[in-house]
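**Q** Each protein sequence line maps, in turn, to chains G and R. Going by UniProt numbering, the first residue of the first sequence is number 1, and it counts up by one from there. Going by UniProt numbering, the first residue of the second sequence is number 1, and it counts up by one from there.
Since the hints were made in silico from the structure, they are not lab data. For clarity, every value in this text was computed on a predicted model and none was experimentally measured. Positions of the beta carbon are idealized from the N, C-alpha and C atoms, including for glycine. Honestly, I wouldn't trust all of these hints.
Said to hold, decoys possible - Quick partial rundown of chain G residues pointing at chain R, CB under 10 Å, derived from the structure: (1) 28; (2) 49; (3) 57; (4) 89; (5) 348; (6) 384; (7) 448; (8) 452; (9) 492; (10) 503.
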Amino acid sequence: MSLDVREAAEVTTPPRPRRELTTAFVVSRIAVLAVAAAILLYAVPPLVAAESWISLTLLLLAGAGIGYLYLTRRFVPAKYLVPGTVFLLAFQVFPVIYTVSTAFTNFGDGHRGDKAAAISAIETGSVRQAPGSPEYGLSAALKGDTLVFLLVDPKTKQVQEGSPDGLTAVQGARLGVTGKVLEAPGYTVLKAPQAAARADQIAELAVPTRGGLIKANGLSRAVEGRAALTYDAGCDCVKGDGDSWQADESQGYFVNAKGEHLAQGWQVNVGFANFIRVLTDPTLSAHFLGMFTWNMVFAVLSVLTTFALGMGVALALHHPKMRGTRFYRIALILPYAMPAFAMLLVWRDMFNRDFGLINQLFGLDVDWMGGMLSAKFAVILVNTWLGFPYMFLVTTGALQAIPRELTEAASIDGAPPWYAFRKVTLPLLLVALTPLLISSFAFNFNNYNAIALTTDGGPFPAESPTVGGTDLLISYTVRLAFGTGSAQFGLAATMSVFIFAIVATISAITFRRTRKQEDVYA
Amino acid sequence: MKLALRHAFVLLVCAFALFPILFVVSAAINPLGTLASSDLVPNGASFDNVAKLFSSDIYPFGRWVFNSVFIALASSTASLLLSMFAAYAFSRMRFAGRRVGLLALLLIQMFPQFLAIVTIFMIFTRVSELYPAFGFNTTWGILLLYLGGALGVNTWLMKGFLDTIPKELDESATVDGATHAQVFWKIIMPLVTPILAVTALLAFIGTMSEFLMANIFLRDAESKTLAVGMYGMIAGDGRNANFGMFAAATLITAIPTVGVFLWLQKFIVSGLTAGAVKG
């Protein structure tokens with residue numbers, strides 16, 4: 001251990017006198033205070049309005065802490081560490097922790113809110129027109145800025161205001177011949193086009209009555225309906241339609257005697273159910289293993305092909321009598337400089353069966369992205385094209401660092417070129433490049449773009465419409481959460497946790513092996 | 001190995017490297033502008049595709065270029081600065097928790113940010129409700145998100161650079177009365193600028209190609225980046241018809257990076273071996 005000079009110095013010398021206030025000092029402090037105040041002014045009101053007191057407390061504490069940190073002269077290292085750490089905590093560490101906790105829930109479509117939200121969704125969703133109830137004449141109106149219904153009873157011609165708070169009588173309204181309200185004191189009655197523009201709001205407004213709800217039926221009629229299903233807190237169940245659904249807190253659903261559940265559920269903690277499902281669910285676990293194997297194959301092959309090709313050209317160019325290396329180098333570097341996302345899409349279309357360049361050039365009629373093996377071959381080829389210039393660049397750099405005397409000595413000793421390469425050049429190259437190969441592996445293990453922009457996971461065999469032949473774990477996870485099917489955030493989070501675990505294991509193993517290797521060669 | 005054999009092999013690889021690019025060029029100047037009519041050798045030359053691209057009502061291409069360049073520039077600059085700050089502290093100062101902090105960063109580096117995409121989506125659903133200016137479909141929101149990944153990726157790399165700069169330099173400045181801020185801005189930063197430029201370029205290119213998070217984050221036509229927008233351009237029905245426009249857009253996107261690449265070629269090799277990855 002080396003002794004740090006300043007650390008030692010601080011112990012022995014008496015405290016330095018306070019430095020005078022420089023302009024830079026004052027200006028920087030004022031700037032910090034102004035920025036902090038501006039951020040707080042912007043961030044606090046919405047939190048107050050949303051009544052999220054925990055977030056507000058955290059925000060104020062963080063604001064006060066940061067303000068103090070930059071006003072005092074102490075804690076110099078923290079001044080440099082805090083800016084990046086704030087972002088790191090908010091947008092990387094917190095999401096990771098949140099992911100792990102979501103993995104233990106059934107959050108997703110059908111399980112988005114809490115139980116109360118599920119009950120109210122079930123009840124309002126089951127509203128049907130009550131037999132014998134009146135069909136009101138409806139005029140949408142504004143009371144101040146809020147939308148309300150003006151309802152005309154067809155028999156008594158009495159006018160009532162309907163709002164989310166209920167019904168109240170309205171005096172002095174003028175009715176038109178069609179039985180709709182033309183004017184009413186205190187209200188702005190919306191004309192047909194204005195009402196049409198607010199059709200969504202009108203459809204959403206529900207006016208509670210004693211036995212049910214009044215909802216709009218189109219823009220000029222409103223009917224009173226009754227919820228066919230009602231929640232009974234006594235038995236913690238939903239009743240109606242001659243059946244009853246008991247709340248099941250372990251599934252987050254209302255389930256009836258036959259085991260069927262209502263579509264709307266709520267978010268519950270499901271323990272290890274998601275993890276068990278990934279590993280033991282017969283359909284899912286078979287795919288999980290296959291997907292994992294392909295994921296490894298894809299990452300390993302990507303590294304090997306790019307490295308082999310890149311090193312091949314680097315070696316070919318690495319010769320004192322080689323001419324035109326400048327030109328070659330520019331040509332070889334170009335794929336690396338092209339925008340990767342766009343070139344992936346170009347490759348996808350070059351493999352197109354009907355109009356693709358590859359089939360045209362070679363006179364083939366291969367459905368590249370449709371066949372299991374051909375799609376896998378295609379994505380590896382595309383990834384090789386994208387990645388080999390990088391390997392070419394780094395091997396060129398590493399080759400130049402290897403002293404020529406070593407290879408010359410080998411050839412003077414009579415070693416054939418291939419043997420000299422295998423015993424002298426390659427080991428030396430690997431010492432320099434192994435860390436890069438490992439990070440290239442880690443990158444390709446989660447190379448979402450290479451799959452999503454070319455095959456999008458396909459082809460999808462008939463027996464597993466959700467797991468494609470070239471799906472990586474990450475592309476499957478993203479589809480679980482954001483694909484066209486119903487969103488399964490809980491399960492997707494579980495998959496993420498599995499990927500975390502796999503990446504961590506692989507990193508730990510390779511980290512140890514590289515250290516051993518360095519011991520050997522260094 | 002015979003020299004001719006070497007040339008033949010390298011030429012073959014060059015052909016492999018160049019033919020997709022040649023295809024893009026010929027598709028971009030192909031007057032018909034469809035995938036079916038595109039070939040390696042252009043059958044005619046016109047700038048119709050470029051003109052169509054900039055006058056399109058459906059695809060605000062100019063806007064996408066602006067969004068992409070702005071996000072990539074801002075996030076690469078800001079994230080390098082943030083990680084330079086942290087690296088300066090880790091390299092030059094000794095404090096409690098230094099070793100733990102460095103180890104924690106090494107661990108975090110192993111977990112790419114996009115793995116937590118599910119919860120990032122949930123977090124930003126809430127942020128969109130509270131602060132629409134930083135929510136979905138906004139440049140600022142995705143910028144914040146990208147900055148979250150800054151510290152994990154670059155701090156170790158930067159610390160490596162800083163460790164190669166002799167400590168005596170800033171110690172002598174300290175003795176002369178420079179504050180820690182002056183040492184950072186006036187001594188350290190000028191010395192690492194060349195290597196920072198290369199790292200910034202790599203970060204820039206990486207952000208330009210970022211697709212996973214941007215695709216979930218940016219759904220409005222006006223807010224999209226090039227990667228998301230151009231993906232939509234040849235998705236579904238437009239796949240055949242818009243290919244010429246897409247190829248032209250690819251070339252326009254590539255021009256600045258190819259230019260800088262050729263210019264910085266020498267430095268890039270050393271910057272790359274220091275640990276940045278692509279492809």
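**Q** Look at each hint and say if it fits the structure.
**A** Verification of the supplied hints:
1. Of the supplied interface hints, the one on residue 28 of chain G holds, with its beta-carbon coming within about 8 Å of a beta-carbon of chain R, less than 10 Å.
2. Nearest Cβ of chain R to the Cβ of residue 49 of chain G: about 8 Å, under the 10 Å cut. The hint holds.
3. Hint status for residue 57 of chain G: violated, given a least beta-carbon distance of 15 Å to chain R, over 10 Å.
4. At its closest, the beta carbon of residue 89 of chain G sits 8 Å from a beta carbon of chain R; the interface hint therefore holds under the 10 Å criterion.
5. With a least beta-carbon distance of about 9 Å to chain R, the hint placing residue 348 of chain G at the interface is held under the 10 Å criterion.
6. Because the closest C-beta pair between residue 384 of chain G and chain R is about 9 Å apart, less than 10 Å, the hint holds.
7. Against a cut-off of 10 Å between C-beta atoms, the interface hint on residue 448 of chain G holds, since the closest Cβ of chain R lies about 5 Å away.
8. The restraint placing residue 452 of chain G at the interface with chain R holds, with a minimum CB-CB distance near 7 Å, inside the 10 Å limit.
9. Look at residue 492 of chain G: its Cβ gets to within about 5 Å of chain R, closer than 10 Å, so that hint holds up.
10. Using the Cβ-Cβ criterion of 10 Å, the hint placing residue 503 of chain G at the interface with chain R is satisfied: the shortest such distance is roughly 6 Å.
Consistency note: the structure conflicts with earlier hint 3 alone.
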